[in-house]
Structure formats: structure tokens, C-alpha cells
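Undergrad: The lines below spell out each chain.
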Amino acid sequence: MDVQTLTYLIVGVTFALYIGIAIWSRAGSTKEFYVAGGGVHPVMNGMATAADWMSAASFISLAGIVSFTGYDGSVYLMGWTGGYVLLALCMAPYLRKFGKFTVPDFIGDRYYSQAARTVAVICAIFICFTYIAGQMRGVGVVFSRFLEVDVETGVYIGMAVVFFYAVLGGMKGITYTQVAQYCVLIFAFMVPAIFISVMMTGHVLPQIGFGAELIDAAGNGTGVYLLDKLDGLSAELGFSQYTEGSKSMIDVFFITGALMFGTAGLPHVIVRFFTVPRVKDARISAGWALVFIAIMYTTIPALAAFSRVNMIETINGPESTGVAYETAPEWIKNWEKTGLITWDDKNDDGKIYYAKGPTNEMKIDRDIMVLATPEIANLPAWVIALVAAGGLAAALSTSAGLLLVISTSVSHDLLKKNLMPDISDKKELMFARIAAALGIVMAGYFGINPPGFVAAVVAIAFGLAASSLFPAIIMGIFSKTMNKEGAISGMVIGLLFTASYIVFFKFMNPEINNADHWFMGISPEGIGMLGMLVNFGVAFSVSKFTTAVPDDVVAMVESIRFPKGSGEAHDH
Amino acid sequence: MDTSELQPITDFIQGLVPFDSLSHSTLARCCKSLSVGYYSKASTFVPLDETDPQLYIVRSGAFEVRSDDGELLDRLGEGDYFGFPSLLSGEKVSNRVRILEDGLVYHLDPDTFDYLRVESRQFDRFFNRAFAKRLRHQARFKAKELTTTSRVSALMSNNPLIIDVNASVCEAARKMRERRVSSVLVIDNHKLCGILTDRDLRNRVLAEGQDGSLPVHQAMTTQPKVLSSNALVFEAMLLMSEHGIHHLPIVDDERAVGVLTSTDILRGQSSQPLLLIGEIERQSNLDSLISVSKQIPLLLQNLISADARAEEIGRVLTSVTDALTRRLIILNQALLGEAPMAFCWLAFGSQGRQDQAACSDQDNGLLLAHEPDEAASGYFEALTKAVCSGLDQCGYIYCPGDIMAQNPKWRMSLSQWQSKFARWVDTPEPKALMHASIFFDMRSVFGPSSLFDSLQDKVLANTKGNDIFLAGMANNSLVESPPLGFFKKFVLERDGSEVKGIDLKHKGNALINDIARVYALSAGIKEVNTAKRIRALMEQDIINRKDALNLVDAHEFIAHMRLSNQGYQYTHALPISNYLQPKHLSSLVRHQLRDAFKVVHDAQSGIKLKFTRSF
Amino acid sequence: MLSLNLLKVRLFWRALRAKSERLKAYYLAQKAILATNVMEAPLLAIDLEMTGLDAQFDQILSIGIVPIENGRLILSKAEHKLVKIEGSVGQSAAIHGILDHHLDGAVSPEVAMAWFADKCHGQILVAHHSPLDLAFLQKGLSVHFHQTVKLMAIDTLGLEKRRLMRQHEVLKEGALRLGASRERYGLPVYAAHNALIDAIACGELLLAQISAIGQGDKVSVAEVLS
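Residue numbers (my numbering), protein chains in the order written: chain C, 1 to 572; chain S, 1 to 615; chain L, 1 to 226.
Bound-form chain C, shown alone (with noise of 0.2 Å):
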């Protein structure tokens, strides 16, 4: 069987499994398994937990940026890790006792206004447009390799699938789905790397292998590491060494923090520390989800090692001249049909050839290393179907929660709370719907025309987080002074900044969007950190200068800092 049927095959099935998983719970006697005293257990909700949170940008940028950037990659590693630990340890539990669900409710309830509330539906609606984009474009890269179009008509499938997903299919949000989609992502992440990894270095981890000694064809070992190989390789074709950065150490700290703090103001996956009922359990089941990310992000380094050296060796053929182009590897040609590769043989030899600089023949998309890893690497075909099928899972799951906000903060938050207060239950329910499909439309509008990669479109989302809600959150629980005032200002303020600088650079001036022209060297991924500190600079300022807090929400903020009977203390 072909690679094309055996895609429409696998991903068939995914998805047979996840309307099957819907069907049967929903049909199947949920009053009794609550009454067995089940509910969803730790491990899986951690499972689903982490379903959401692995985008498609996770999934099929993450390894592709730390296979072109090399170091300067692993921050969105870091950044990543350190938000989903900041979140699950120094904010769900708080925003929990306060028994918000969403953060726009936290910060309308905390600063006791209505306009919070709403700037704070808008930030949210931002962000989750700006973060929904790139799960788009990832669709779409998937759809257009393996049903061989190219990447715009890739996104126009990829919108239906999402839309009869999120908007028609009444599959979403389930715990069981989202668990099997979990298993069906990592399972497609690690097949591919675990072979490789046996390949090149024969040992089967390949977060062990990624610091081991290759191998050749006939498994002796060679005595040169894949690190050093790969140093070797990129300082020959005039990259700069693998294992160290091109970004200065600034931009570095500050895309991390911008990362960081902008995972931890995300709101769709907040949500999933407040469907586990016991605060005890939603510990656990977040370190669950910790466990299970980690498997993902450790093997992204060494995946993305392992691809580069690879690619690099079938491109430039082992005199690292270049092959003939007739003689060129299939998945070359293969993703020329999708114009995610272009070779343009500038010194008319036939052959191709990549390396840094003006010899450079192939433009080579970063978004594709991980769908291309397997054929790279000679797998065999369903495994290359495999990682579709795992692509998908990963935009769906994430996409379908991104959706879910937008829809239900357009319909409940914004028309339900403030414009038309008086609204039907159905028009309600069809403007959410409504609102899912434009959210759709936009991002797709996005993902066809995207301002950056996968994971750089994901990073601004993150960086818009960062600089609007992370600090209204963190004020809210953390200071007893903190007013309306001042977090309405900060946040609007912190917003308008950090957009306005990745507008300019990236949409408006976008031939100036390198360090020389950056502010204080900062990349537009990283303003979201800046855009921070201003921030919380501008909020304690105008918190200073205007009305004190009422005792009431003093009371509020101090019996959620100071736990008092906050759940689980001792069962009847």
C-alpha cells in the first residue's frame, strides 16, 4: 500500500476511534460509573491535560525550529516547560478557590467591574485567534503532503475537519477522547524517533541517543558523537555551531519569559484544573501532565539532531558536494508538490545542494521536519501515516478548546453580558456557533498567510498572554491593593504595546525585523516579557493614584491566599 492510502487509513481510524470513544460515553451508563465512586482518574485526566496542551505547534514545529535554530530552538522548550509548572503550581489551585472557571470571570469578579471582565474576553479572544492561526497552518501542512496539494488548499481541509470537529461533532472536550488522542500523538512522535534513533546510534531512547556515538550501516560504532558530527556538519556548510546560539542572550531570556508567563495566562487550559473535583487530584493529575509532556519534549532535541544530520547527509550526499538532482531522494520531490521545498540550482550543476550563505540551493520549510523525518530516514510507509494521523491529533485536540473559548466568550461573555442581555438559549448557543466557524475562518485566513512559523505564530499568541492577563491574574491573587483601575490600565496598556511591536515588525516593516533595528535587541517573540513589565509598571502606578480596593474583595483575596477548608480536608 501506498503512503497516501495508508494515511487515509490511519487517520480513518484515529478518527473512527474518537467518535466512537464520544459515542460510547456519552451513551454508556455514566450515572452508575459516577456511582461506583470512579470519576476520571489522575493518570488520565493528566493524559488529556497534556493532549491539549501539545499543539500542532508542539507537535510538528517544536522539533523542525530546534532542528534549524539548533540551541536558540530549545527556548521555546524551556519556556514552554517552565509556564506549565508556573501554572500548575502558583495559579490553579488560587484561581480554583475562587471558583472562577475562566480567567475573564477571575478578573471581572477580583477587580469588580464589567469592563475588566470584558477587556479581559477581548485578550482572551485575541490570544486564542493568534494561537488557533498557527494549529491552522499546521492542519494545513499535514493535508498538503500527504493528500499531495499544496499548503493553501491543505488549510481549507484542514478548516472543515476543524469545524465539523469543534463546531458540528459533539466529540470534543471529552476526557476520553482527548486521552486517545494523546495516545495517538505520542505514539506517532515517538515510533519515528525511536527508529531513527536505533538506526543511527543503536539505542532505542532517543533522548539516549542523542548524546551517544553513531553507528554505521553494518551497527559498529564510529567513535564521532551526533552532537559533534552535527557541529562538524553545520560549521562546514557555514551555519553557526549547532550547540550554540545565534540570539543574543537577552532576546533568549526574554522569549523564554515570554513563553513562560504567557503559557501560565492561556485560558483553555486552565479550565482542565477545574473539571478534576478534588484539589488533591488535580495535583496529581497536573504532574501527570507533566510526565507526559516531558516524554514529548525530551525527545524533540534528539529528533531534531537526529533529522538535520540526516538531511544534510541525503542533500549533500556523503562528499557533501551535492547529489544530482535526478537522483535526488523521493520525499524531496515529494514535498516540492506542496512548495514547502523549492530548489533553485543557481549554479546550474544539477545537483542540489544546502548550506549557508549564496551556494545555498534549497529553501527547506521548517514546519515539515517532522512529517519529513520518517520518509528522510527510509521508514516504512505506515509510520509515515502514522505521524499524520499524530499531527492532526494534536491541532484538533488543542484547536477544539481554543474554539470552545472563543465561541463561548463571544456568545456568553460579550453578547449574553453586555450587549443583549436578554438573548434566547438558542441564538445564544448560535452565536457561539457562529463565532466558532468566523474563528475558523480567521485563523485559517491566518494559516494561509502566516506572519511566521508554526511555533513563532504560537510564541506571539504567548507573548500577548503574557503582557495582558498573566498580570492581572498574578496582581489579583497576589495583592490585596491591586484595583480595577490599575489592572484595566495595565492590561490594555500591556496589550496595545506588545501588539503594536510584533505589528511593526512583522507585518509593517518585516525586511527591518532582525537585532540591529529590535528595541534593546528584543525579537518580537520575546516584547510579550516587556510588554509584562510594563505592565505591571503601569498598573501599580495607576493603582497608586486612584480609589482603594473595597473590603470586600481585600476579604475575597486574603481567604484565597490563606486556605480554609479548600476542598479535600477530610472526607465524610
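None of the hints are false.
DSSO-like, lysine-lysine: derived pairs with alpha carbons at most 30 Å apart: (1) L:Lys81 x S:Lys32; (2) S:Lys598 x S:Lys464; (3) C:Lys427 x S:Lys546; (4) C:Lys417 x S:Lys532; (5) S:Lys431 x C:Lys280; (6) L:Lys218 x S:Lys41; (7) C:Lys427 x S:Lys598.
These aren't lab readings, by the way, just hints derived from the structure by calculation.
Mind docking chains S and L on chain C? Use the hints.
TA: Using the frame of chain C, we list chains S and L on its own:
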């Protein structure tokens, strides 16, 4: 003829809901089939021809629809309709339309009406809804005083004593003595021809010095006044007092099916709720309370046969339970002495919500003013044990889940109750949520209201705006969904191969109770009765007015279906259950039931969106 | 108001003189209806549009009819016929709104009269300001039957005038026009006008008038026939 020549009529019809949903050509056909009439105040009522039902469309003037006993059902003006109930049901017209102001009326014949119903779903639905509304409206007005509306069949004694016309009075007297009755129906060739009562024996046999061999037909009252079994008790009372008689043979299809005596009527009246409650309050020991409580099933039966609204039936039955509970507490306190501290007797679940039905079990608890010492504990243990067992003997069986005041777990001080509730709210585990659905519908039946208020206020302060708890509650109430499948077909529950039918309680009313509870807790509303909760939510603009009214209507309709289904089961000697077989329903009722379930479904989607943030 | 018997005699006499069986039958059928209750009698509300007001020179442009059975206007049996004319509608178009090109599909006067003779058989005519309409119809029917035809009708204008006079009301200019009369009975205002709509309007007016005259009691056809 070109219909544009009827422009003014077409324009008018086109502007009316549901005619606005018709296609151009259908509308043209409809307008062409109309006939125009004029009704003058001078003739008082619109002459409704039973053999020729029509849809009446008011073009001008004013009318009012009144039921056969004169209750106002609807007022109509330009653009309103009447006459559709008999078109839809095919039953004869029982309402009357009074002309308030002269007016022009368009008539639509039944064939065209049916054609339009087939052509346009909206058209069909509109009139079905209007009809349902009219019916419910009518039911509301009908359920007034019990004695005037309850049916003879509910009170009469079945299997009447009968005797052949040629038998002797002596034989008749013997039979009456055996059966311990005061009358015998006299039958000639299977037909009722007279009645012989104690009084006849006294006046026409003994006082006249006749001997016992006298044939019955010489002593009996010939051509006695009779009634049919579905006549109103009120009519029976009227007939008896007019003719000074105490016995009425009940005849259906010329067959004697029963006898109604004035004693029966008196007995029936005592199962009127107020009288019953009064009687409960007069009893001075458990035994007499138990015997009084035997009347409760009869009360329910009377209420059902009187077509009372389901909501009212629930309230009436619950108020009887409340009275019994209070009486039991007072009687036992008389034995045990003064209570060592203030306490409240809490009613949960259906008793709390005031929607008890037949054979309810107990759901109750005890709220104490403060932590009891050992002596106080002993006192309350004795009290609650006695009251719970008293209720059990009165027909309210022990709670299978042991949620009862006699269980020390549910006999707590104010602060213990408060922290119990707080724990449920903070940790909405499945078990806590299941408890919540019972305990959050709480009402104090006995005790100082200030004590109860300090519990309820605290609980509502905890739940109000606690989105995480509310999301848990909402999710819990979404576990069951109304029995509508794809294409809105009824989904029947099966038990093995046997079709059990539609579960009207768990897939209907319970869902509406859940929905109302989630909303009420989110808004901190004190009401616990579902209909009252929804109305309060509507007044506070938390639920959209239309949604709220639909939900109240659906609740009443499904509850009504459940009660009348149980009535059907009762009269056909079937086991009483919440399962309804849709094949027993007319297509119209099926349609309405589907609509009611659709309302439940929509409301569920509503709380799913609002409280769990998904759809 | 003419007495019942006088009317009967008159119709009998007309029937005797009728040359065609058809016309004879028409008169006799009318005679049979006279004593019946208006609300039960078969009536035919009519209205004509003409090129002018003089039956001698002007021509019929259109005829609208709607039967009234048992006090109800039967719209399914309502009809509207446009009639061909010689020459142009000229200035009269301003009143009736019928332009020459509207008459493209119209029938000839002969066909129209044959149709009308058929339709009015066994029916009592109802018209607003009936003398005018009757004059045109009599002229047309006389040609059709080759004999002078006399028609009778219930005149809603006449009825209205008598009613107002009895109430000693001062008749204002235009108070007896169809629209103004309808308004007094609370009947809806019809924006559009053609022969059919005016026929319907006239029929509805009659129903309202009969209700007002009778106050629930029976009113015979003869009592309201002019």
C-alpha cells in the same frame, strides 16, 4: 382569476403568523379558498357549526373564547384565530366564542387547513402549539374546587348489588344485609328498572304492613334518577338535593355500573386537602394519624380525575405530608418533653421541591441550633426515630439511601450543616453532586425560620457565582438527556427485549428540576419549587422570558402526562411506573410531548453553554 | 320599500312576458327567493367599472362578482372579467385605473353578458349605488336576450342612506360612498380598488348592514330590495 385582484385580503393574510411562512402559490390558493362572514354583537355568540368546523381568522372586531362553563380562555382581535382546536382534534366544539364588537371574519375550510399543515411545518406547529396552550389554559381554569369538578367514578362503589325485578323484598333485604349496603338496584332483563332502598323497605313494606313475599317491583322506586360515571360529583349533589334522595344508580351504556350514596360524597369531600389537613391536625395519636393518612391515595385520585394541574397536585400532596410531619413531631414532643434547643425539620428532594407524587419515600434531616450534648443527642435520636417510623407507617417509606433525620449523619448542628454544604460546593465530586441534587432542594417544615435562613443564606452565598461548582452541577445534570433521538424520534427504553417506554420522570421532569436548580443556585435564589424557581429567574432576567415560559410549560406538560399515564395504569390494573408507551398517544399529544422534550433539550444546551462553556 | 306581494306580482308579470325560457326561469327564481332571510338567501355582490356614467354612451370595462351564501362571501367563487371596448378608455382611466393595454386579454361584451346572465341566475344582486350598475347591465343583457330586461338589486348605498336618515343625521358630502359607509361599521379599509375588490367590499358592507338592521332578527330579501 388572478389572485392579485384579491390584494387587500392577500396582504392581510400574508402579514399573519404562521401564514407568513407559506409560499406565494400556497398563500394564493389559501386566500382563494376563504369565505368572509360578519358577526354582530346582537347575536352574542358566533354560531359554531359542529358539522362544519372552520378556522376563523379575525379581520376586524373583538371576540372572546369561553369554555363551556363560562371561564374566559382567550381574548381575540384582529389577526387572531379561533376554531382550530376542533379542526385539530376532530372533537366537537365545547368552547363558545362571544362577540364583543362586530367584526369581519375569514373562514378557512378544513380541507385547505389540512393542506396548509402538510405544506408548511411552521403552519402546523403554530396551531399545534396554540392548541396546546389553549388546553393548558383550560386545565388551569378547570382545577378549581374539587367538589364541583371531580368525577362520580372516583367516589362511587363499583359492583353494585343487583336483584331481579321479580324477586321478593325479603330476598332483597337479605342480600342487603349480607353486603351491608342500604340499597339494591333492580334489574329487568339486564336493564335497570328501579332501586330499592332501606327507606323503601321501611315506608312501602313495613309501614304498609306488607309481607316479605311482596315482589320487589311493587316496593321499589321506579325510573330512578341516574347519572353516568363521568358526571361531576357536583351534578350528583345537585340531583340528590333537588329530589331529596340519597342513592344514585350510575349507569353507563344502559348498564348499571355502580351506586353513589350521599355518604360516598361526604367521604369524598373529606379527602379535600384542607379538610384532610385539618383532620390531621386534630388527631391525637399515631394510630389515628395512620388511618387518616389512608385517604391520601384517594386525594391523589380525586385530584387527577379533577384534571388539576400537576404543579398543584404536587403542592397539595406535599402540604399534606408537611402537616403529617408536623403533627408527628408535636405528638412525639408531647411524649418526650420540650426540646433541649431550637431545631428545624428539613425536607429534601421532592418534598422540598413540593412536587411529591404517589408513593414517595422520605428525604429529611434535622438542623440543630448548636452542637448537642449527650442528653440532647439522645432526645433528638428518640424524636427523629419516632417521627420517621411514624411517616413510614403513614405510607412514606424509609429512604433507600438513608437520607433521613433518624440517621445521625443527617442530624447536625448549624455549623456542621454549613461546612457540609461548603465541602460539597468546594469539592464537586460526583457523589457530592448527587447529594447536592437532593439536599439543595431543602425546605424547613418545622422550626424557627431564622435558624433555617441562616443555613440557607450561607449555602446560597457559597454557590452563588461559584462557577466551578456550577459547572460540576451542570455537567451532572447533562448526564441524562431527553428521550429524543435523531430526527426527533422518541427513544424508548428497553429492558431486555421488553420495551419499557419513555421515562417521563428521569428523562423529563428530573432534567427540568436539575436545570432550574443550577440556575437558582447560580443566582442565589431561595425558592426550591421548580416552577417558582423558573419564574423567579425570569423576573430577575437570568433566563430569557420565552425560554422560561417554555420550560414551565414543558414541566407542567410532562408532569401532567406522567400523572395521567399513572392514572391510566391504575385504571387498567397495570403496574404504576414512570414509563409511557407513546403508542397509546394520539398524534397530536405525541407531537406536543416531542415539543416539550425539545424544550428540555434546548434548555440543556443552554446550561451547557453557560455553565460548562462548551456546546 | 316595496311590499313582498307587489314584488312577487311584478316578477310574475315579467316572467310571463319573457320570450326566452332562460329569462323566464331567472325571474321566477328571483320570485322564489324574495321571502327568504337575507342571511340565507343566495346573493351576488357585483361591481362594474365603466368608461363613464351614461349607460347610453359609455361602456362596461370590467365586472367583479362574489356570491354570498348563508351570509358568507365565497371567495373561491369570486370572479373578475375585463370587457373589450370600442375606442379608448380615455380620461376615465384616472378613476378606474384600467388602461387600454390592460384590456388585451379581455372578453367581448357579448361573451361577458352571456357569462353574467349565467352567473346571476338564481341570485339576488347586491351593489353599491345599484341603479348605475343595473343600467349598464340591463342594456347589455337586453342585447343578449333580445328583449328588454329589468333587473332588481339590493342597493347598499340606498340602505345606508335610509339608515342615516332615520337616525336624523345630516348627510355630509361623500358620507354614503362605499369606503365611508364601511368605516361606520368598523370594516377594514381596502387600499386597492378594482371591480372585484369593490364587489367584496360591497358584500361585506351588506352583511354589516343587515346585522345592524335586524339586530339579530330575520330580515327578508324583499325588505331590503329597492
